[in-house]
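Once you've looked at the hints, dock chain W against the given chain X.
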Amino acid sequence: MTHFSIFENFGHSLKAQAHRIEARSVEDVERAFRLARQYGLTVTARGAGRSYNDAAMNGGGMVLDFSAMNRISEWDPKTGLVRCEPGVTIRQLWEHVLPDGWWPPVVSGTMTTTLGGCLAANIHGKNNFHMGTIGEHVVEFTALLPCGNLVTCSPQQNAELFYAMIGGYGLLGVFLTITLQMKRVFSGLLEVHAWPTSTLADHLKSLEDHAPDFDYIVGWLDCITIGHGQIHAARHLHDGEDPAPQQTLSLAYQTLPSRLFGVIPKRPLHVLIRPFMNNLGIWGINTAKYLVSLRRHVFRQSHAAFHFLLDYVPKWELAYGSGGLIQYQSLLPKETALPVWTEMLALAKRHGVPPYLGVTKRHRPDPFLLSHAVDGFSLAMDFKVTEARRRRLWQVLQDFDRIGLEAGGRFYFVKNSETTAETARAFYGKERLLKFKQLKQRCDPDGILQSDLYRRIFGPALASLDGQG
Amino acid sequence: MNPTLSPATPLRPRRRAILVGASSGLGAALARKLAREGWTIALIARRAELLERLQAEINADGIIRALTYIHDVKRHEQVTPLLRQIVADLGGLDLFIFNAGINLPPGLETLNAETDLEMIAVNLSGAIAWLAPVANLFKEAGEGMIVGVSSVAGDRGRYANPGYNASKAGLTAYLESLRNRLSRHGVHVLTVKPGFVDTDMLRASLGPKPFTISPERAAEDIYRAIRQRKQVIYTHPIWRWIMLVIRHIPSFLFRRLRI
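The listed protein sequences derive, respectively, from chains X and W. Heads up, the first sequence is in my numbering, so the first residue is 143 and it goes up one at a time. Heads up, the second sequence is in my numbering, so the first residue is 5 and it goes up one at a time.
Keep in mind that the hints were calculated from the coordinates and are not lab data. Remember, predicted model here, so these are calculated numbers, not experimental data. Any given hint could turn out to be false.
Said to hold, decoys possible - Computed from the model, here is a short list of chain X residues facing chain W with C-beta under 7 Å: (1) Ala158; (2) Leu183; (3) Trp337.
All C-beta atoms in this analysis are idealised placements derived from N, C-alpha and C, irrespective of residue type, glycine included.
Extracted from the complex, chain X is given alone in its bound form (with noise of 0.2 Å):
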């Protein structure tokens, strides 16, 4: 019934065995949360595995996985209401809703993740300060509780449950049904505007000014010279712009090439790329990007192109080399962005470990339990792991961690996979921990959910306010 499997997180850096159980229907779910309880183990809820970190793993427990569970069973494209289960991708979804007219509100830079994932990590996509996370645009969930209840939860029935299971890291439940609304497009293209900035003061003055002119703002930084970037504005194209939107809207229009310039083929791109991943090699992968770069133009490009960036080169996370990559993502309000990233990244460059890739967005707050946004600024950035850095990048985040938790700074926890459970708690504040903590009794009392992400962040976290629950 049980499966002994190896699982990595998405950036290979990560790996532990665990007692995989496949969830197709909600009789699987009761079977595992028994299966567990019977043997002792604890369960995580697991899609496509494509988190940073440990919010999917669970060594040597049981792992949930969720991806065959991935029926779209309700849409109505008069409305644009879709229930779909779990293990759903997004690109299952928007290439269901695209030809009628529809598309995901908000999407990952990636299109292999579920559904379950996206709700359970509260994602957000390039159009975060204008349409806030996923979790916004839910209609309503189902949801399997390990007390055993079944719930509904929607912003007015059950909504303190709903605001807490959307972002709370499969801790509370594991969802079975998810009621999305979808929002409606004219066109298959997006009209994209494409500019380069020399500063990181002029590219986060950029990020301000300009988001509200358009649907989705994202940044590329070259953090080795800290400020040479380029900025991607799109705006969805207005009923009417596109001349034939039924051959835009098709599938076949959003086929992202299998080719680079048409000749160059994609799939061994990887290995190319691997001999390039150093310091020296980035910074000539980078500084050529910026040439190029410097054109500014406007161009219109199909939706799977401009929002799927991670997979344009397929298995990109293997260029990295055997310690695999991690990602730390730093969330910061717009006041204090600019003077924390430039000490962020020259601590970085000084020890020897800057990120190979930095990807900035406009965030605005959202009225989520463990919500991670806020009224600013993100930098995503991608390092390099390799034994020889291991323990000097470690030192360097957990300064990344304080000097972002004192700027007033916010962490998301399917990225970051070195913060420990006091800054985690420092950041939450005792309130917002307290409020998780009933939430966790009620619905887990026997702690059946947990992941290495819950015993290395909340569980500790949580214990802390021993005697104040």
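Just chain W now, kept in the frame of chain X:
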């Protein structure tokens, strides 16, 4: 009471091992070696006091590298739940070492079935009780390393100690079978054949003891073999050649010897 391990992270990764028969001699030396190399180890043995002392010694610098579990390998029914618990406590499993073994003095003139069966129960049945479920787990995962500490004594049925020879010959054969079943599934099996290692077990036995090495030296040899993914090693290495000769002694001659 075992301390709780904090979960591994990409920058603080963990390699996890189970060591059965860890309390003294070669087992304790292996435990110290693995801990020095950064492994986290579940130490299993019968004798609580020795085990806890070893745990305290390994964990003395404040980094938790050793967990302990009291278990008698003759209690086969305990293995499956205990294995499950240990894998959960460690957060996974990469390496399994079976090192439990006893060598009881044989009856000099009259054979003693009781002591022979006792050696089979610990050295062979005890090993199988652990090796089979571990092999199943690793096969499912498609990865893992199994190390069985057998003995040069398993290479030939010699005059001196039929029960010990039989138990180790059985273990060697069992490990070889596991290797043949599991290598195609990505699982590696290492058979270790120590000669004389300077431990309590050796001190209790009779006769000359050529090429005796320290448990620390044997542990170094075994760890190197684990890293190099060897299939069979002798420690001290000279035993490979000695046993090559002994394996080829024809029966008409072997019958007349007392080795």
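For each hint, the structure was consulted:
1. A cut of 7 Å between beta carbons decides the hint on Ala158(X): the least distance to chain W is about 4 Å, and the hint holds.
2. For Leu183(X), the suggested interface contact is upheld, since its CB lies about 6 Å from the closest CB of chain W, less than 7 Å.
3. The beta carbon of Trp337(X) comes no nearer than 35 Å to any beta carbon in chain W, farther than 7 Å, and the hint placing it at the interface is violated.
The structure does not agree with numbered hint 3 stated previously, though it agrees with all others.
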